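These protein sequence lines are chains C and Y, in that order. Per my numbering, the very first residue in the first sequence carries number 334; after that it's consecutive. Per my numbering, the very first residue in the second sequence carries number 19; after that it's consecutive.
Since the hints were made in silico from the structure, they are not lab data. One or more hints might be untrue.
[Unchecked claim] Taking lysine to any residue pairs in the SDA-like style, the calculated list, with each CA pair at most 20 angstroms apart, reads:
(1) C:Lys398 to C:Ile420
(2) C:Lys546 to C:Pro500
(3) C:Lys786 to C:Ser511
(4) C:Lys736 to C:Lys766
(5) C:Lys764 to Y:Asp25
(6) C:Lys398 to C:Ser511
(7) C:Lys546 to Y:Pro32
(8) C:Lys766 to C:Ser707
(9) C:Lys754 to C:Thr705
(10) C:Lys474 to Y:Glu29
(11) C:Lys474 to Y:Leu30
(12) C:Lys744 to C:Lys786
(13) Y:Lys60 to Y:Pro32
(14) C:Lys338 to C:Asp415
(15) C:Lys445 to C:Ala478
(16) C:Lys474 to Y:Glu21
(17) C:Lys474 to Y:Pro32
(18) C:Lys474 to Y:Ser20
(19) C:Lys347 to C:Asp415
(20) C:Lys474 to Y:Cys101
(21) C:Lys736 to C:Arg700
(22) C:Lys786 to C:Pro500
(23) C:Lys398 to C:Leu463
(24) C:Lys398 to C:Leu370
[Unchecked claim] With beta-carbon atoms standing in for the labels, derived distance ranges:
(25) Y:Pro32 to C:Lys764: 52 to 62 angstroms
(26) Y:Ile38 to C:Glu485: 11 to 21 angstroms
(27) Y:Thr48 to C:Asp527: 29 to 39 angstroms
(28) C:Gly592 to Y:Gln95: 41 to 51 angstroms
(29) Y:Phe62 to C:Val460: 54 to 64 angstroms
(30) Y:Phe62 to C:Ser392: 58 to 68 angstroms
(31) C:Asn771 to Y:Gln95: 48 to 58 angstroms
(32) C:Glu485 to Y:Thr48: 24 to 34 angstroms
(33) C:Pro637 to Y:Gln95: 46 to 56 angstroms
(34) C:Ile768 to Y:Gly74: 31 to 41 angstroms
(35) C:Pro637 to Y:Phe62: 47 to 57 angstroms
(36) C:Pro637 to Y:Ile38: 44 to 54 angstroms
(37) C:Ile768 to Y:Gln95: 51 to 61 angstroms
(38) Y:Ala86 to C:Asp514: 57 to 67 angstroms
All values derive from a computational prediction rather than experimental measurement. Where is the CB? At the ideal position from N, CA and C, for every residue including glycine.
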Amino acid sequence: MEQQKHNYSLVVKKDCPTCALIEPVIKQLSDIFNNSLTIYVQDDPSFPESVTDKIDDSSLEFSYKQNIEIVPTLIRSSDGLDEQARIFGWDKSQWQEFTGIENLGANLVDFKPGCGSKTQDPGMTEVLTLRFDTDRLQARKIELAESEDIMEVCFERGWSDGLPLVPPTPLRVTRMLSSTDCSADEIVGSVPPDNRPCTIEKIAINAVMAGCKPDYLQVVIAALKAALKDEFCMHGLLCTTYFSTPVMIVNGPITKQIGMNSGVNALGQGNRANATIGRALQLIVRNVGGGIPGGIDRATLGNPGKYTFCFCEDESDAKWPSLSMDRGYTREDSVINLFAGSGVQPFVDQQSRHPESLVKNLANSLRSVANTRSFGMADAIIVISPEHRRVLRESDWTKPNLKQALYDELKTPGADIIRGKDGIAEGMPAKFKDILLNKFRDDGLHIVGAGGKAGMFSAIISGWLASGEKGSQLVSQQIN
Amino acid sequence: MSEFLLDPTAELAPAKRQLIPRLQSLKGATIGLLDISKPRGKEFLDEIENLLLDEGAEVNRYIKPTFARIAPRQLNQRISVECDAVIEGLAD
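One chain only, chain Y, in its complex shape:
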């Protein structure tokens, strides 16, 4: 049986978790590109990087040790403090 908690807030936010606000512009934003270690991910993300640089964004590159496992916590934490947004290359 499902467990329930009662909402302690004024219920201004929706019950389901929301996405964080979208970036208004890429200019000056730092975008992380996460290669999940699938084949050809690097080439794909190289192209994305060029497009982002053309838009005036800064780009940080990251790589997961293996696509089979979730990203290490330290990597998630690094991306969250170093980037305004992240693009993840999910498949080959």
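In isolation and in its complexed conformation, chain C is listed as follows:
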């Protein structure tokens, strides 16, 4: 019976001791198979010297497209070049059987494992994806003139929040996209104020600019999904003259996986994940949505959190329900919560050793959210520190006790805070004068644990004046 004709492809690299070992085998194969064998060399096409016909694959195009992981790899194809089988490394009996050459490499050792293909070098996957999957990135490419400074271009194009950006080169964006299973052209939603469709690719570009690691991308995607929920009212939040902006609070296992900070200086600087995830959402709203300060963003003063305001909750106390658990998730869920918040107001209590005292003092500070006569308007988040949580814990109080006690303590007769009372024009409309008023809406006061172990200080993050159904409500989005 006539033997079926085969074609063979051999991929080698000089910088591989196994490839060097089998040079006599390569020569033997070349002599026997002649034109049916094509040899691809990944690094130095002068190798192997004993063979003349070789193809320089230093671009790695063949190796990438054939998914070569180990060298040497020998591929057997049909006459029509469809791959039938492949072997890799050096296993004498396997190679002899595969090629049908009984004395192939007869003088060599029986076995020597191969080396990693150059396509597997660190960072190479994304380089090759970019080089050979040219349709993956759809965003417009901005060509730089030789005289242009790449950092300055990012400012001049209007992409920056005022701070330097990481230039979004195609390679960096490809690396960012490598962390998600989402397709680059998947549309997450329309970003206000221009209501422009935002793809995963645009999110990745802005995440690169913000300084995110690829690991953070899934959190940024979830943050945008949360921001686009109708009840969050991103459009109004951006346009308002008020201070507020998205405050992002992350819960669940993801916080440890990407190294977020819930401890010392949790609301401050110094943690890359906290800083850049918050900034990425702001940049998406700016660049994709067109939300530019002085344009659609009409904030009278704004607040420094408009650069970035993102942290995670300290979930070390199993008895303390997290914010996302308050929203119906479990501790095993990774969730991002968005709150339309303003700056940080300190709350100091170094004397209270009982919850009753702590609550009265905290309630007094909470009265000043927006102003001391603004009731049922701005929501608030209390970021409660470990030392204040200790005071509660030692009296077997947990979050629901604290919240209820604060609502009770803050109930105030309308007559005390109506307009004109005590010579102050600001206040509640006169129609509330005979009503007992709540400082916060029923779902308008949220409590989050965070902070360093030392310091009897907690924080109040006051919300947007237009809190609730008329404006923005806290929203949560699971991180996939």
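We have chain C; now place chain Y onto it with these hints.
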């Protein structure tokens, strides 16, 4: 080889930078006249100034220290905050 960046925006604006919007009217606008220190630039710009004043514009005059070098940054900044548009006398 050229370097590329990927556009982070919704790509509503053209890739090339645009001119800023043109003035709709000269009336009440402040127009800067920049003399680059070439000979006879002053006389030329005097005539331009008269034409602009006739149109109801206000005119600020500026002068570069030397035509051979780009304008000092402070001068550019002054013009950008003090004027709605600028006319530069480029040659003699």
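To see whether the hints hold, each was checked on the structure:
no., hint, verdict
1, C:Lys398 to C:Ile420, "holds (17 angstroms)"
2, C:Lys546 to C:Pro500, "holds (14 angstroms)"
3, C:Lys786 to C:Ser511, "violated (37 angstroms)"
4, C:Lys736 to C:Lys766, "violated (25 angstroms)"
5, C:Lys764 to Y:Asp25, "violated (53 angstroms)"
6, C:Lys398 to C:Ser511, "holds (18 angstroms)"
7, C:Lys546 to Y:Pro32, "violated (30 angstroms)"
8, C:Lys766 to C:Ser707, "holds (13 angstroms)"
9, C:Lys754 to C:Thr705, "holds (12 angstroms)"
10, C:Lys474 to Y:Glu29, "holds (11 angstroms)"
11, C:Lys474 to Y:Leu30, "holds (14 angstroms)"
12, C:Lys744 to C:Lys786, "violated (32 angstroms)"
13, Y:Lys60 to Y:Pro32, "violated (38 angstroms)"
14, C:Lys338 to C:Asp415, "holds (12 angstroms)"
15, C:Lys445 to C:Ala478, "violated (51 angstroms)"
16, C:Lys474 to Y:Glu21, "holds (10 angstroms)"
17, C:Lys474 to Y:Pro32, "holds (12 angstroms)"
18, C:Lys474 to Y:Ser20, "holds (11 angstroms)"
19, C:Lys347 to C:Asp415, "violated (27 angstroms)"
20, C:Lys474 to Y:Cys101, "violated (34 angstroms)"
21, C:Lys736 to C:Arg700, "holds (14 angstroms)"
22, C:Lys786 to C:Pro500, "violated (38 angstroms)"
23, C:Lys398 to C:Leu463, "holds (13 angstroms)"
24, C:Lys398 to C:Leu370, "holds (18 angstroms)"
25, Y:Pro32 to C:Lys764: 52 to 62 angstroms, "holds (54 angstroms)"
26, Y:Ile38 to C:Glu485: 11 to 21 angstroms, "holds (19 angstroms)"
27, Y:Thr48 to C:Asp527: 29 to 39 angstroms, "holds (32 angstroms)"
28, C:Gly592 to Y:Gln95: 41 to 51 angstroms, "holds (43 angstroms)"
29, Y:Phe62 to C:Val460: 54 to 64 angstroms, "holds (57 angstroms)"
30, Y:Phe62 to C:Ser392: 58 to 68 angstroms, "holds (59 angstroms)"
31, C:Asn771 to Y:Gln95: 48 to 58 angstroms, "holds (52 angstroms)"
32, C:Glu485 to Y:Thr48: 24 to 34 angstroms, "holds (29 angstroms)"
33, C:Pro637 to Y:Gln95: 46 to 56 angstroms, "violated (26 angstroms)"
34, C:Ile768 to Y:Gly74: 31 to 41 angstroms, "violated (59 angstroms)"
35, C:Pro637 to Y:Phe62: 47 to 57 angstroms, "holds (50 angstroms)"
36, C:Pro637 to Y:Ile38: 44 to 54 angstroms, "violated (30 angstroms)"
37, C:Ile768 to Y:Gln95: 51 to 61 angstroms, "holds (56 angstroms)"
38, Y:Ala86 to C:Asp514: 57 to 67 angstroms, "holds (59 angstroms)"
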